[in-house]
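Visitor: For reference, the chains in residue letters:
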Amino acid sequence: MATEARILTGGQAVAEAMRQIDPDVVPMYPITPQTPIIQGFATFVAQGRAHGELVDVESEHSAMSAAIGAALAGARTITATSSQGLALMAEVVYIAASMRAPVVMAVGNRALSGPINIHCDHSDSMLVRDSGAIQLFAENAQEAYDLMLIAPRLAEHPDVLLPVLICQDGFTITHSAEPVVLLEDDVAREFVGEYRIPNSLLDVRYPTTQGPFAMPDYYFELRHQQLAAMQAALPVFEQMASEFYALSGRRYHSVEPYALDGADHAIVCLGSTGGTVKDVVDELRAEGEAVGLLELRSFRPLPRHDVRTALDSIRTVSVLDRADSPGGAPPLFAELAAALHGTEVDLRSFVYGLGGRDLHPEQIRAVFTEDSGAYIGLRGAPCPA
Amino acid sequence: MATEARILTGGQAVAEAMRQIDPDVVPMYPITPQTPIIQGFATFVAQGRAHGELVDVESEHSAMSAAIGAALAGARTITATSSQGLALMAEVVYIAASMRAPVVMAVGNRALSGPINIHCDHSDSMLVRDSGAIQLFAENAQEAYDLMLIAPRLAEHPDVLLPVLICQDGFTITHSAEPVVLLEDDVAREFVGEYRIPNSLLDVRYPTTQGPFAMPDYYFELRHQQLAAMQAALPVFEQMASEFYALSGRRYHSVEPYALDGADHAIVCLGSTGGTVKDVVDELRAEGEAVGLLELRSFRPLPRHDVRTALDSIRTVSVLDRADSPGGAPPLFAELAAALHGTEVDLRSFVYGLGGRDLHPEQIRAVFTEDSGAYIGLRGAPCPA
Amino acid sequence: MSRLKTLVRNEAGTPPLRGGHALCQGCGIPMVVRTIVDTIDTPVVVVSATGCLEVATTRFPTTAWNVPWLHVAFENAAAVVSGVEVAYRALAKRGGLPQDGPITFLVLAGDGGTYDIGLQALSGALERGHHFLFVCYDNEAYMNTGVQRSGATPFGANTTTSPAGVAALGKAQQRKDMTAIAVAHHIPYVAQAASSHWQDLSEKVERAAHADGPAFLNVLTNCPVGWGHEPRHAIEILNAGVDSCYWPLYEVVDGRYRLTYTPETIVPVEEWLRPQKRFAHLFTGEGAAVLREIQRHVDDEWEALAARCES
Amino acid sequence: MSRLKTLVRNEAGTPPLRGGHALCQGCGIPMVVRTIVDTIDTPVVVVSATGCLEVATTRFPTTAWNVPWLHVAFENAAAVVSGVEVAYRALAKRGGLPQDGPITFLVLAGDGGTYDIGLQALSGALERGHHFLFVCYDNEAYMNTGVQRSGATPFGANTTTSPAGVAALGKAQQRKDMTAIAVAHHIPYVAQAASSHWQDLSEKVERAAHADGPAFLNVLTNCPVGWGHEPRHAIEILNAGVDSCYWPLYEVVDGRYRLTYTPETIVPVEEWLRPQKRFAHLFTGEGAAVLREIQRHVDDEWEALAARCES
Amino acid sequence: MPELTAWRELPLGGVVRPGDTAPPHTGGWRTGLKPVVRLESCVNCLLCWLYCPDSAVQLDGTTFVGFDYDVCKGCELCAVVCPVDAIAMVEDDGD
Amino acid sequence: MPELTAWRELPLGGVVRPGDTAPPHTGGWRTGLKPVVRLESCVNCLLCWLYCPDSAVQLDGTTFVGFDYDVCKGCELCAVVCPVDAIAMVEDDGD
Amino acid sequence: MKEIRWHARAGQGAKTASQLYATARLHEGQSVQAFPEYGPERRGAPLRAYTRIDDKPIRRHDAIMHPDVVVVLEPSLLHEVDVTEGLAPDGIVLLNADTAPASLAGLDVRCVPAARIAGDSKFVNLVLVGALAAVLHDPVDAVADAAIELLGGKVAHDEIRTAVEKGYACLS
Amino acid sequence: MKEIRWHARAGQGAKTASQLYATARLHEGQSVQAFPEYGPERRGAPLRAYTRIDDKPIRRHDAIMHPDVVVVLEPSLLHEVDVTEGLAPDGIVLLNADTAPASLAGLDVRCVPAARIAGDSKFVNLVLVGALAAVLHDPVDAVADAAIELLGGKVAHDEIRTAVEKGYACLS
Ligand SMILES: Cc1ncc(C[n+]2csc(CCOP(=O)(O)OP(=O)(O)O)c2C)c(N)n1
Ligand SMILES: Cc1ncc(C[n+]2csc(CCOP(=O)(O)OP(=O)(O)O)c2C)c(N)n1
Ligand code: SF4
Ligand code: SF4
Ligand code: SF4
Ligand code: SF4
Ligand code: SF4
Ligand code: SF4
Ligand SMILES: [Mg+2]
Ligand SMILES: [Mg+2]
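Quick note, the sequences are listed as chains A, B, C, D, E, F, G and H, same order. Each residue of the first sequence is one higher than the one before, starting from 1 at the first, in my numbering. Each residue of the second sequence is one higher than the one before, starting from 1 at the first, in my numbering. Each residue of the third sequence is one higher than the one before, starting from 1 at the first, in my numbering. Each residue of the fourth sequence is one higher than the one before, starting from 1 at the first, in my numbering. Each residue of the fifth sequence is one higher than the one before, starting from 1 at the first, in my numbering. Each residue of the sixth sequence is one higher than the one before, starting from 1 at the first, in my numbering. Each residue of the seventh sequence is one higher than the one before, starting from 1 at the first, in my numbering. Each residue of the eighth sequence is one higher than the one before, starting from 1 at the first, in my numbering.
Read the hints as simulated data drawn from the structure, not as lab findings. All C-beta atoms in this analysis are idealised placements derived from N, C-alpha and C, irrespective of residue type, glycine included. One should not assume that every hint holds.
Here are a few chain B residues that sit away from chain C, every Cβ distance over 10 angstroms (derived from the structure) [as the list claims (entries may be wrong)]:
id, residue
1, 31
2, 206
3, 258
4, 282
5, 285
Result set (DSS-like, lysine-lysine): computed pairs, CA atoms no more than 30 angstroms apart in a straight line [stated by the list, open to error]:
id, chain 1, residue 1, chain 2, residue 2
6, D, 277, H, 2
7, C, 277, G, 2
8, G, 122, G, 166
9, G, 122, G, 154
10, H, 122, D, 277
11, G, 154, G, 166
12, H, 122, H, 166
13, H, 56, H, 2
14, H, 122, H, 154
15, H, 166, H, 2
16, G, 56, C, 277
17, H, 154, H, 56
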């Protein structure tokens, strides 16, 4: 049911996924490094190979706002952004989640200003980690494509109905050409299926009031619905992933252990770094070291129980954050500390790759061999914690 | 050196502090519940009792942008916001920190949409917890006033040079009238002193390029400067607080233990709730229960070492979050888990007060007596974690 | 059938905005909403910006709206409606609408959500040419948050962020000319109306709703609280606003200007200012100079507008 | 002394923007920057929006700027300059300036940072009446991110987000009339210029810099990459843009329109379009209709402008 | 307003439908005066209907019939716009 | 560009001053042609100076003297704007 | 600790009353807090405000659920809202009225015809604050002084004092 | 694993070459990766691209620091950038030139006069990809096929094939 592998960048692969999904509405605003995605889709539309309505908005705040309007009106809606774009629309990402607008958004992760920088880190995703939007991270272009196809199913599932962000590392994946196997168009289309939401704004016979004002007597409860939807997203994702597996032979899980059996030192990370870590794990395993990796496919929801089960008997867990929080704990580390609280795990925090700083296998090896500083690759001794 | 106590709301108290500081530039945009602050200051200006230039911007994004421009041009700059305002300017708050613009901002904490709600929780502050901006939380109107006077000193200290947010609970403090003792105007003014920054943009003889583009070869290092500034902020705050103590008799610390000696159950929280918890602690102590409180005056930087020292020998620590993170750990809980990792402390997570839901002493008591659910005051059994 | 009867028929016993909402006693907004929605002869979908109208009509779990209504945030109503309108087109194309037939997409936003924080989204939507009618109910300040100055606030007005006092005479700048800004977008229909002149308003809505592209309507709407007047004086104040040429009623169709109302006698602008507490300080002390300045400015603007209408 | 010599004298051997920056070979922007800064006879402080100019001139730890320069983000240059200008006034008032004397506050932003994402901040700053000169170097697309459509992109242009193809003929909408929008703000000085006409540009800068309030300058600036032409054709293309009346040169001083240049003979708009690859698709297949539509639109706009200038 | 309900019972995303809940009785906002009509004077121009901010002017078809005091806030606008002075504001008996 | 420095050595907030670092030599961007002037034809109108995107036209006071090939990118604009065709683009010897 | 709830319509001075009474008690050396309730409802809508008084410093910031005294500035509110909601077991209702309505039977209701006493002065709130002082056995002067401190900038001092004292006299 | 670095100016087809060569090897059953480097520099500036080839699946996503082969499309870059930076110990420099300049003395430099071979066709990159195939002992057809697959939509197939084959012939 699949096509032959082609050389595609992550950005192109996601544009292909969008072509196959053929969403009704695509609000778009350029920003490096996601731009190839919207350009790719716009080209498909100009070629008559996709039929969605493009909305060339004037800012990312409007991109997400238009996306909410379209999604709640009953149209399948996809957009894409990076960095400052995500920051500018942050306000509305929260609202999309609370209004249960199943907007899908491709994110090409990029460092937040300042200083302004166009390369990868995860600070943009981290900025919206409380928003109620689901965040799945791809390790490579193939995964970006696959997750993009799964995204609408997850977003639109009646138990979920939340925005879904498919995150890929800017440049490292968005602009890196790798072999990607696509599903056949009709298979993909059928997998994704029809868009359905419970309340269409356009149903003028049964008018709805959407986005009302909530006082303290109701806000807490309405907000809690989102928590429940996030919880529900974990099993729904596993189900969609297994349906996708049946079509593609590629299987995803919200957390993906690699060589964790018997490991006494594991790394936890997100995104493209996972691939590099796997290589290092293989090398070290070959050298007899009991090391492993836990890759988080899903960062939001964070599969707390699975993380704990996977890691609670491991001596040392090194968390690799590609973002930091000045004056606070790095975001992924803090999540892991919360998830592993009460276990005996020796948890360590590493920050790497900010603003596109490269991470080499030797540096990963140093984490495993406990020769690494907490800020991997930083020039100069880090300021004392 | 102090005046007699007057009945002032937190908003009025901060407006008085602004009158005494008399900043050069005040960009402002209304949003409930911070509006009394900017209105109060605008009134002082209209009365000729303050002399700052008001900039009636057209959005909060512009408020913080104008603030950055003014601060880097050499003018002491104060603004204020809440909720959606903070969300809309989030992008620029990060940039303010990275450009080392010592902007002071009063925050009247309010729940983020949606649903739209005007009452207190801390989700707005949490949204910018990675931004590099300092965040101090006041327990009451007096503290809001005091911290507001300390803020410029902290922000502008050469080792710090970061934006400082003085957070007070929306309505609960901003609109609640309480006795407040002000410093005499001249004492306050002298305490605050003159505004000085290392590079004035207006120095046309020695032109500077501010806000350049950084590639992966430099971004990580520039970002790390902010971490160092945050670290430096802790001792600087203690120093400023002790100078302030000498003037006012009121002493602040970045973490403030209350009845922690010998406690085997402590609550950790931010903001106005601290006061209510103190009452409950006194009651329970009187009943012979070994309970206590750790109030965080400084949330950013989070005084990790002090927190750890204060809590690491306590059996149970209950963290009260007035914000949540759907699909992840509540923000304060995650910080505490990170800070206390490796200790034996039994850490518990509670979420309360979202969107202004009230927190009663009985409910706090239930936390101490281990009779409380994780979502305090939520109607209906919480969704299973 | 008289126009008013038509509105009644269109409303058919179900007002788009029912009573029992929490807007102030005597608020000018509901009349604008009803006149507009009742004039439009298709089903209407409303997108609201944050503001008095939104906050006071939809306290969960209640709603005062009998038509589909959507609110997302303060600054983005025009972006939201873009999405809704495009969704409608996309669904119509592939046959996915809940029911067939045209729908009119209506935005209701205050002056803050139009002149200031909502301007960019509006400008973008106008440039893209979505089919929608954007109505600004212009009460000349941020009322919902307690009467702060907006871009629409007139020169000299006392607001809580442009307070009058010994060192200030109220707002220091002239109001933004939002109607002119809309005209500069070269959209098919732009008009300025006032809630005192319901028939004029209704006629404009009719033309706007049938425009081939975006339409913009700027409706002067009284606010007893923010302007400082008793509700019962609303109409006379608004009339003075119109008759002093402070707020001329006109429309711009495909770039051509037309006055839709010419005052029989132009009254001094003081008649507009004096009954409103927000201008009270202008009638004492140094206010006289400001009053002259206001009159001069109104005269200039009127002259310029009249010239454009003649040509 | 000739105007050009004056510019040379003002520059005094230290170009505001030195060579060695990373803008494309033949980029049209630097000439605009230098003409402007060199014309102004006071010290200048520049605020830049994100875009080609910003990204390519300030790679840390280098800078190509010899004048004070500030960049904060893409959408907020006008807000940032508001803060800077107000700080200047506040410090001047209390004697806290590093040195005395007037400073000209200059914003340099691309069309994306002006027409689209930066419009609201600009509109607010204009309404507040700050003293600054906002220059849009209008290359008619988001160039920095790889030639995407902006509000300034002309109808029919092929960009990466409005690509031409069997199902699309390039951008579907007319360009936003940003100059008219600025005029609608009733500020003292607004003008439209082109980088081909340096003298006209320089004269306008001189008047703009002396305006009593905000001034806005919209400068058509070629981009070899985005327009698809060899650098050496820049001037003739721009000339055709001006001589076809696609981009008339005019100014609006205190509301009064004046053409600052009238083409001796108006050339067909095709002369502007044909040398640019972004319009290449219009010269094949169904493009002819689009070409006619473009010519018609240019004629209409020109007529309307000419009328306004006469009156 | 209905009983405060548990979070699971609330409509998804807080979507409300007209009629789900009865409108609050804002009639209580009146502070002293309420409108009454002298129907014999009424020329049924319906201006009061259009201008009433609280949709409190009741019609039967297209005929004015009276006021809905449950929601009328007593603003007096109807009385002001009535061209024939058919509406008077009278002491509110609090009914 | 200087050596890559440790974070403590970097200017606060990334502020740069002109002259801190020498400009990169973008002369290497030229792809085949470079401008040369026949000074005898030059009427010193300075249009080349104004239009050069790379500030590569060198003056002595107000007099044209030549090109700064370290930064000239070879775009040919100077040659195009020269009213007297005093500038020719010639094979770049890579100097 | 004493907790007081004020009922009125927006604009009738409940917030002022709550703060004014707090100011009086502050000057008498007590610890105080005063805060109104905020919602989307506008001018004319029912509104609550609260005052908390204690001898010890007040640190708590929770809502007042069980007031010791409820002061009703606007009697018509009795039809609309349950002013006795959460009233402490031996709590007092202080009502702007001639006589207690049947609906409040069985409660400790103190009536003050404040509207009549205030006359045209619109100082219904001051009359009731005076009456409250009587009910709680506070010195009337402290209240009058506080009222003058807060409102004296705009209103004649003796008018203020008279209103407060008249209210006090009613119930002392 | 083989790691290749491409040097050119923006617009000279280094990115295409990097992907094209990867495509060829993909079709030969290998695992591949190709990516350019991005900065603020515009058209005309020096630019690098990379290709990574392996028999096992490539999972790593770090930069290429020690290329096995460096392909220089634009000889003038030798004056500007250190094209040999990080070159693997027995790495190869494949240069668009007639002869190796003195500056590269001591290195394994393979010269192809690609500009001359390509002539007006502007297929310098294709010629060099062909030459690279020769250097790495790949079948030339796979490369030519891949080139046609990627570029054949716009350019005559035989022109493409000729360019690749000419390059291959130079060094095989
Ligand atoms: C981003 C953001 N900033 C500020 C606010 C606060 N706010 C809500 S409504 C409003 C004023 C609305 O004014 P206007 O649009 O004129 O409508 P009106 O209140 O007059 O009906 C403000 C400032 C907000 N909700 N969101
Ligand atoms: C909020 C935000 N959205 C998007 C971007 C990405 N971005 C940077 S510059 C740019 C285009 C700039 O276009 P224009 O203003 O026309 O300037 P030009 O590139 O043409 O010089 C874009 C889309 C950004 N930096 N910030
Ligand atoms: S404040 Fe003004 S606009 Fe808002 S509801 Fe009241 S009267 Fe209407
Ligand atoms: S892309 Fe265009 S605008 Fe940008 S630097 Fe190149 S030529 Fe200049
Ligand atoms: S008094 Fe006001 S609310 Fe009552 S019916 Fe008349 S217009 Fe309506
Ligand atoms: S306004 Fe007067 S005449 Fe007209 S319908 Fe109402 S009551 Fe009758
Ligand atoms: S060729 Fe271009 S860069 Fe070189 S001097 Fe001439 S104009 Fe300047
Ligand atoms: S343009 Fe030609 S004539 Fe003018 S200064 Fe340059 S070389 Fe001389
Ligand atoms: Mg308003
Ligand atoms: Mg541009």
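Visitor: Does each hint fit the structure? Answer for all of them.
Guide: Hint check results:
Not every Cβ of chain C is farther than 10 angstroms from the Cβ of residue 31/B; the closest lies at roughly 6 angstroms, contradicting the non-interface assignment. Even its closest Cβ contact with chain C, about 34 angstroms, leaves residue 206/B beyond 10 angstroms, as expected for a residue assigned away from the interface. Residue 258/B, annotated as away from the interface, keeps every beta carbon of chain C farther than 10 angstroms; the closest lies near 36 angstroms. With a closest Cβ-Cβ approach of about 37 angstroms to chain C, residue 282/B is found to remain outside the 10 angstroms limit, as its non-interface label requires.
Separation of residue 285/B from chain C is adequate, the least Cβ-Cβ distance of about 41 angstroms exceeding the 10 angstroms criterion. With a CA separation close to 39 angstroms, the supplied pair residue 277/D and residue 2/H exceeds the 30 angstroms bound. Of the pairs offered as hints, the one joining residue 277/C and residue 2/G is violated, with about 39 angstroms between alpha carbons and a cut-off of 30 angstroms exceeded. Using a Cα cut-off of 30 angstroms, the hinted pair residue 122/G and residue 166/G holds, with the two alpha carbons roughly 14 angstroms apart.
In summary, the hint linking residue 122/G to residue 154/G is supported, as the alpha carbons are separated by about 14 angstroms, within the 30 angstroms threshold. At most 30 angstroms may separate the alpha-carbon atoms for a hinted pair to count; residue 122/H and residue 277/D meet this at roughly 19 angstroms. Simply put, residue 154/G and residue 166/G have alpha-carbon atoms about 20 angstroms apart, close enough for the 30 angstroms limit, and the pair holds. At most 30 angstroms may separate the alpha-carbon atoms for a hinted pair to count; residue 122/H and residue 166/H meet this at roughly 14 angstroms.
For the hint pairing residue 56/H with residue 2/H, the CA-to-CA distance comes to about 11 angstroms; that is within 30 angstroms, so the pair holds. A C-alpha spacing of about 14 angstroms is found between residue 122/H and residue 154/H, which places the hinted pair at or below 30 angstroms, so the restraint holds. Proposed proximity of residue 166/H and residue 2/H is supported: the alpha carbons are some 23 angstroms apart, at most 30 angstroms. The straight-line distance between the Cα atoms of residue 56/G and residue 277/C is roughly 44 angstroms, outside the 30 angstroms bound, and the hint therefore fails.
At most 30 angstroms may separate the alpha-carbon atoms for a hinted pair to count; residue 154/H and residue 56/H exceed this at roughly 33 angstroms.
When held up to the earlier numbered hints, the structure conflicts with 1, 6, 7, 16 and 17 and fits the remainder.
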